[in-house]
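In our numbering, the protein residues as written are 169 to 394.
Among the hints, a few may not be true.
[Said to hold, decoys possible] Distance windows between CB atoms, simulated:
no.: 1; residue 1: Lys211; residue 2: Lys339; range: 47 to 57 Å
no.: 2; residue 1: Ile277; residue 2: Glu311; range: 42 to 52 Å
no.: 3; residue 1: Phe236; residue 2: Thr349; range: 14 to 24 Å
no.: 4; residue 1: Lys266; residue 2: Ser352; range: 22 to 32 Å
no.: 5; residue 1: Ser275; residue 2: Ser331; range: 22 to 32 Å
no.: 6; residue 1: Ser331; residue 2: Glu311; range: 12 to 22 Å
no.: 7; residue 1: Phe375; residue 2: Lys186; range: 30 to 40 Å
no.: 8; residue 1: Ser275; residue 2: Gly361; range: 45 to 55 Å
no.: 9; residue 1: Leu176; residue 2: Asn330; range: 31 to 41 Å
[To be verified] Subject to a maximum C-alpha distance of 35 Å in a straight line, what follows is the list of computed DSBU-like cross-link-like pairs (lysine-lysine):
no.: 10; residue 1: Lys339; residue 2: Lys266
no.: 11; residue 1: Lys211; residue 2: Lys186
no.: 12; residue 1: Lys186; residue 2: Lys339
no.: 13; residue 1: Lys348; residue 2: Lys186
no.: 14; residue 1: Lys217; residue 2: Lys186
no.: 15; residue 1: Lys186; residue 2: Lys266
Bear in mind the hints are in silico, worked out from the structure with no lab data behind them.
Positions of the beta carbon are idealized from the N, C-alpha and C atoms, including for glycine.
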Amino acid sequence: MKLLFDFLPILLFFVAYKAYGIFIATAVAIAASFTQVLIYWLKNRSFEKMHLVTLGLITVLGGATLLFQERSFFMWKPTAVNWAFAVAFLGSHFIGQKTLVERMMSSAISAPNFVWSRLNISWVLFFVVMGIANLIVAGYFFEAEALLNAAAGNPVPPIDINSCNPELGQKLLALCETAKTAESDWVDFKMFGMMGMTIVFVIGQAFYLARYMSEPEAEVQTENQE
């Protein structure tokens, strides 16, 4: 349930994009992120750091997208968020007595220190890979948009891919449609690809932790001493 709550801004962004395009969807995502933080605070009277990091980045990069009407700012957001989390999880190995994973999960699961360390590193690697994956998918759009504008002579303002029409001519129309498809593919990846990768990773982590969920406390303490 928490996973779905964390993906709420992405879900609403996806729905708004299919109906109104990326700029309206970006505004919806910013509003949804604010709402997410507010709901969490009303329920728990505290803030979750991950929600605040996401809110900050989505406000800055999403705001730049709306201000300059430039999609690339918002497309960088998933990479910025994931890499920010990677830095935070990695930093917890050297700052404080517990890693972030242990702080979040130790109240429900007893496990040796080396397990928490491995899990924390696995999250660091996961966030790094997620950020790279986003750049790869978004890169197809960046390349398609650059080819379109170059073929059109780098017009100011650039050609709006939401209004591809035959008046552009056969070559520009084809490039425009390619850019539009690349944008749609990125949105689909942001919704289904990233969520799917996260679910698979969390399930794998659950299987890894399963062996420790039923171990007696004394056994766990013995392993810690070793």
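Problem set entry | Consistency of beta-carbon spacing, Glu311 to Ile277, with hint 42 to 52 Å | holds (44 Å)
Exercise. Does the Cβ distance between Lys211 and Lys339 fall inside 47 to 57 Å?
Worked result: holds (54 Å)
For this session: Starting from Lys186, check that the Cα of Lys266 is at most 35 Å away, please.
Result: violated (42 Å)
For this session: Starting from Lys186, check that the Cα of Lys339 is at most 35 Å away, please.
Result: holds (26 Å)
For this session: Please work out if Lys211 and Lys186 have their alpha carbons no farther apart than 35 Å.
Result: Roughly 31 Å separates the two Cα atoms, so the pair holds.
For this session: Return holds or violated for the Cβ distance of Ser275 and Gly361 against the range 45 to 55 Å.
Result: violated (31 Å)
For this session: Go ahead and decide if the range 22 to 32 Å is satisfied by the Cβ distance of Ser275 to Ser331.
Result: Once the Cβ atoms are compared, 53 Å apart, the range 22 to 32 Å for Ser331 and Ser275 is violated.
Exercise. Taken at face value, is the distance from the CA of Lys266 to the CA of Lys339 at most 35 Å?
Worked result: The given pair, whose Cα atoms are some 58 Å apart, is violated under the 35 Å limit.
Exercise. Does Lys217 pair with Lys186 here, judged by a C-alpha cut-off of 35 Å?
Worked result: Distance of about 30 Å is within 35 Å: holds.
Problem set entry | Distance restraint hint 14 to 24 Å, applied to the beta-carbon atoms of Phe236 and Thr349 | Because 23 Å falls inside the window, the suggested range holds.
For this session: With respect to the beta-carbon atoms only, verify the hint that Phe375 and Lys186 lie 30 to 40 Å apart.
Result: Taking Cβ atoms as reference, Phe375 and Lys186 lie about 34 Å apart, which means the hint holds.
Exercise. Taking 12 to 22 Å as the hint, is the beta-carbon distance of Ser331 and Glu311 inside that range?
Worked result: The hint (12 to 22 Å, Cβ to Cβ) holds, given that Ser331 and Glu311 are roughly 21 Å apart.
Taken one by one, the earlier hints fail for this structure at numbers 4, 5, 8, 9, 10, 15, listed in ascending order.
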